[in-house]
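Can you make the complete structure from the sequences, with help from the hints?
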Amino acid sequence: MDEQNRPIHTFQVCHVMEPNQNNWLRSGWIQRQAAQRVYVELRFTLRDCNSIPWVSGTCKETFNLFYLQTDEPLPGGTRFRPTDYAKVDTIAADESFTQTDLGDRVLRLNTEVREVGPVTKKGFYLAFQDVGACIALVSVKVFYKRCPSTLRNLAAFPDTVPHMDSSSLVEVRGTCVENAEERDTPKLYCGADGDWLVPLGRCICSIGHEETDDHCRACKPGYFKAFAGNTKCSKCPQHSSSHDQAATICHCDKGFYRGIKDPSSMACTRPPSAPRNLISLINDTALFLQWTPPINTGGRSDITYNVLCQRCDGGDVGVSQCEPCEPDLRFIPRPLGITGTSVAILDYAMHTNYTFHVEAVNGVSGLGVAPRSLANVTVNTHQAGPAFVGIVSEDWATHNSIALSWSEVEQPPSDIVDYEVKYYEKEQEQLSYSSTRTKSTRVVVTGLRPSTVYVFHVRARTSAGYTAYSPNFEFATAPEDPDIADQGQVLVVVTASVGGFSLLVILTLFLLITGRCQGYIKARMKSEDKRTRFHSGHVPFSGIKTYVDPDTYEDPTQAVEEFAKEIDPSYICIDRVIGAGEFGEVCSGRLRIPGRKDVAVAIKTLKGGYMEEQRREFLREASIIGQFNNSNIIRLEGVVTKSRPVMIVVEYMENGALDAFLRTREGQFTVLQLIGMLRGIAVGMTYLSDMGYVHRDLAARNILVDENLVCKVSDFGMSRILEDDSESAYTATGGKIPIRWTAPEAIAYGKFSSASDVWSYAIVMWEVMSYGERPYWEMSNQDVILSIEEGYRLPAPIGCPVTLHQLMLHCWQKESSQRPSFNDVVSFLDKLIINPSSMLTLVNDSLSFSDSPEEMPDYPLFISIGDWLDSIKMSQYKSNFLAAGYTTLDSIATMSIEDIKRIGVCLIGHQRRIISSIQSLRLQLHHIHQSGFQV
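Take 1 as the starting number for the sequence shown in the UniProt record's numbering and just add one per residue.
Hint data in this document are derived by calculation from the structure and do not stem from the laboratory. Where is the CB? At the ideal position from N, CA and C, for every residue including glycine. A portion of the hints provided could be inaccurate.
As the list claims (entries may be wrong) - Label-pair ranges, simulated between beta-carbon atoms:
| no. | residue 1 | residue 2 | range |
| --- | --- | --- | --- |
| 1 | P53 | E554 | 53 to 61 Å |
| 2 | K831 | R902 | 32 to 40 Å |
| 3 | V599 | S643 | 14 to 22 Å |
| 4 | E323 | K232 | 54 to 62 Å |
| 5 | E554 | K220 | 46 to 54 Å |
| 6 | E582 | D184 | 23 to 31 Å |
Claimed, not checked - With a straight-line cut-off of 30 Å between C-alpha atoms, the simulated DSSO-like cross-links for lysine-lysine are:
| no. | residue 1 | residue 2 |
| --- | --- | --- |
| 7 | K814 | K831 |
| 8 | K873 | K736 |
| 9 | K736 | K814 |
| 10 | K87 | K122 |
| 11 | K232 | K642 |
| 12 | K145 | K122 |
And the structure:
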């Protein structure tokens with residue numbers, strides 16, 4: 001009977017009293033179909049051996065599952081051979097029934113699932129072996145997993161069976177739905193559990209179609225869509241319509257038009273009406289036309305005006321008596337494309353009738369059959385000013401002056417007030433000019449350059465205004481007298497000598513004063529720097545908020561809702577997978593929030609099949625980053641928690657992790673650029689320290705670099721494995737510690753603080769200055785711990801300024817209270833940046849050290865060269881040093897990088913490690929020799 005007390009068919013056996021049972025039950029031949037891994041679900045009941053009276057040791061409480069692969073069903077009558085079958089597993093019951101259960105008719109049903117395979121042949125048999133149990137097999141379900149067909153991002157993906165290798169994903173390319181086209185190749189990844197993972201790429205609806213329920217539907221009549229994309233169809237703009245479905249444009253109504261550059265979303269318009277109130281005005285020798293804009297602009301704002309001119313010599317104005325105006329007529333600002341409502345006209349003929357037509361045009365003028373929008377006015381120039389003066393002639397010229405004269409104006413309408421003479425050097429092409437006035441018909445122009453051609457224009461001024469300028473007349477000055485030139489040169493030399501001597505005296509006094517001031521300032525800063533440079537305390541930033549640990553919330557989901565913004569998943573466009581994290585894939589893409597510019601982002605995803613605890617741990621990092629707002633901390637854009645997959649969206653950093661970035665660009669940056677990167681990291685850590693947040697995993701691999709070389713602190717999840725290293729030490733809570741970056745007190749006692757972060761920051765400084773070298777090289781983690789306890793500290797990388805290595809050593813003080821704060825670090829780096837000369841002394845070319853031995857840390861003293869090479873894992877070069885004659889520590893302390901190469905150390909990494917260790921050895925020997933000892 002089943003759970004509802006209904007009779008059911010079962011296969012059962014209960015030969016528990018008889019020894020050496022070997023009972024077999026075999027299924028029929030099962031076709032594999034598309035399966036690569038097969039799952040078998042067994043439902044069965046099993047009796048407790050202890051509930052069977054007088055049973056011997058032959059009773060069992062398990063049975064075995066086997067399978068056999070074949071390409072065809074076995075022929076009838078084939079002998080059953082157990083040895084042909086492969087064992088899958090021994091099946092045991094979670095619950096067994098007793099004699100009491102039989103009386104109460106209580107069914108203890110067990111369900112077990114086992115994986116069979118991989119299966120490679122066309123079919124298989126299942127076999128069940130009983131070796132002495134009391135068992136009933138109720139049902140056997142055989143199935144395989146697949147990612148079901150689905151629609152994502154307007155692409156259809158077919159049923160897909162996962163790979164036999166459960167760790168690999170099946171990449172499936174989608175097919176765009178009808179009336180859609182690819183924007184980026186649509187892809188999905190099928191996981192081993194039959195779940196689709198993060199979609200990549202997308203399709204977009206073609207023109208004339210819009211997205212509706214994962215399909216592209218045609219636009220309704222009265223609507224249109226001119227561009228491919230996932231936007232909705234738009235209603236036809238004013239004065240236009242569409243009568244068919246899937247319209248890509250709305251056609252203009254009769255009498256309305258759309259300009260060549262007009263977007264399809266713009267309303268149809270028409271040409272403007274004619275300008276109004278056109279009037280003319282003659283003022284002196286200029287003629288002005290003015291008008292007001294047309295009443296009807298045609299629905300557009302791009303109205304301009306064209307001025308057309310006709311000249312009529314006499315009689316009534318008519319088409320047959322008029323001709324186009326002379327080409328040298330000047331319009332200011334221009335005759336065509338005028339944006340204002342006035343124009344000035346110059347150089348017109350006297351005593352002439354002109355007819356001017358002012359035309360209003362816009363972006364659709366000339367597209368239809370409508371008449372031109374013209375306003376007309378006729379002007380007579382009898383009342384204009386006088387004509388221009390006659391021929392200008394040269395009377396005489398010297399090396400710096402020219403005398404000119406000209407004839408009077410013929411028949412002036414009124415008395416001439418004066419004449420204006422304009423002149424400029426011919427080579428200057430009127431880029432600049434001078435002018436002078438005279439009441440007579442002659443003038444002497446002075447102040448000119450010798451042997452230079454000048455261009456002259458003359459015009460007259462009467463009570464009616466100015467005449468037009470005369471034509472161009474060119475005259476040249478005479479060459480300069482040599483005697484006068486020599487005197488001038490002497491005068492220039494004397495003047496320059498006196499001026500130069502005066503300037504030298506002033507500059508000398510200035511340098512003396514500023515040099516003395518700078519010396520005083522540097523001495524003052526140096527003395528203050530020794531007292532305050534590494535003071536451990538600092539005042540927090542005013543007004544900065546305090547960090548709130550998400551673990552203090554009774555429900556961690558509340559922390560996510562409070563500190564992280566929820567993002568609509570439709571705003572996220574994933575471009576490609578760039579890595580894999582502990583919880584799922586890491587992708588790059590774009591965040592497209594309506595009304596905002598697209599933002600490049602990185603998307604961390606939570607893979608399917610997660611437990612609720614994993615989901616909380618995954619989102620914990622978002623609730624941490626969401627509390628920070630600093631230009632040197634990775635910025636959280638938001639999270640996706642209300643749909644699958646769950647995502648964390650942060651800003652995208654083009655250059656990736658700092659350590660990998662530096663390794664591929666060794667030697668490409670200046671020391672000042674590297675210090676600038678370090679300052680950015682220190683600013684970010686100062687912010688975190690002031691908020692009360694301890695990072696605990698500060699390393700170059702957790703610093704991200706953007707395209708402008710700005711470094712930002714990231715990776716705020718200490719729950720995951722920080723270092724994939726079998727030698728990583730464990731804290732009391734079970735999380736792994738990155739030994740090479742962690743302060744001694746944190747390793748020994750799990751005591752993390754801002755001071756332990758300062759220690760880690762100094763390791764980052766070493767990584768940056770060595771272009772991503774691994775701290776402590778190939779030393780084991782245990783050796784690192786012991787070396788640090790004995791006082792060993794990393795030597796300065798090649799090319800590192802001495803002052804910067806001194807900062808590292810201060811950060812590596814054994815007592816955490818003696819280490820500088822991040823505020824102190826930022827101040828120190830600012831001083832280096834402001835005063836680059838302090839960085840000129842590099843460790844690899846410095847032979848002078850601090851006069852105060854107590855300021856330097858203790859280094860382990862080595863007895864022999866062999867011990868020294870053993871300590872830095874370079875023992876393979878012992879024979880190289882001895883063969884080259886280096887037998888004492890003093891002798892190797894003088895070695896340079898060239899010496900290292902010469903004795904046969906060819907690998908760059910080994911060269912750098914040896915020369916860096918030599919620097920620290922020099923420090924030892926320097927202080928030992930100062931004390932009077934010999935090594």
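Starting from K145, check that the Cα of K122 is at most 30 Å away, please.
holds, 17 Å
Take the C-alpha atoms of K814 and K831, compute the straight-line distance between them, and say whether it is at most 30 Å.
Roughly 25 Å separates the two Cα atoms, so the pair holds.
Assessment of proposed distance window 32 to 40 Å (beta carbons of K831, R902):
The hint (32 to 40 Å, Cβ to Cβ) holds, given that K831 and R902 are roughly 39 Å apart.
If I claimed the Cβ atoms of E582 and D184 lie 23 to 31 Å apart, would that claim hold in this structure?
holds, 27 Å
Cβ-Cβ distance between V599 and S643: within 14 to 22 Å?
20 Å Cβ-Cβ, so the 14 to 22 Å window holds.
Verify the CB-CB distance for P53 and E554 against the hinted window 53 to 61 Å.
Once the Cβ atoms are compared, 54 Å apart, the range 53 to 61 Å for E554 and P53 holds.
Pairwise hint evaluation, K122 against K87, where the allowed Cα distance is 30 Å at most
holds, 19 Å
CA of K736 to CA of K814, is that 30 Å or under?
holds, 22 Å
Hint consistency between K873 and K736 [alpha-carbon to alpha-carbon, up to 30 Å]
holds, 25 Å
Between K232 and K642, is the straight-line Cα distance small enough, at 30 Å or below?
Status holds; Cα separation ~24 Å.
Has the hinted range 54 to 62 Å been met by the Cβ atoms of E323 and K232?
holds, 58 Å
Go ahead and decide if the range 46 to 54 Å is satisfied by the Cβ distance of E554 to K220.
holds, 52 Å
When the structure is compared with the earlier hints, no violation turns up for any of them.
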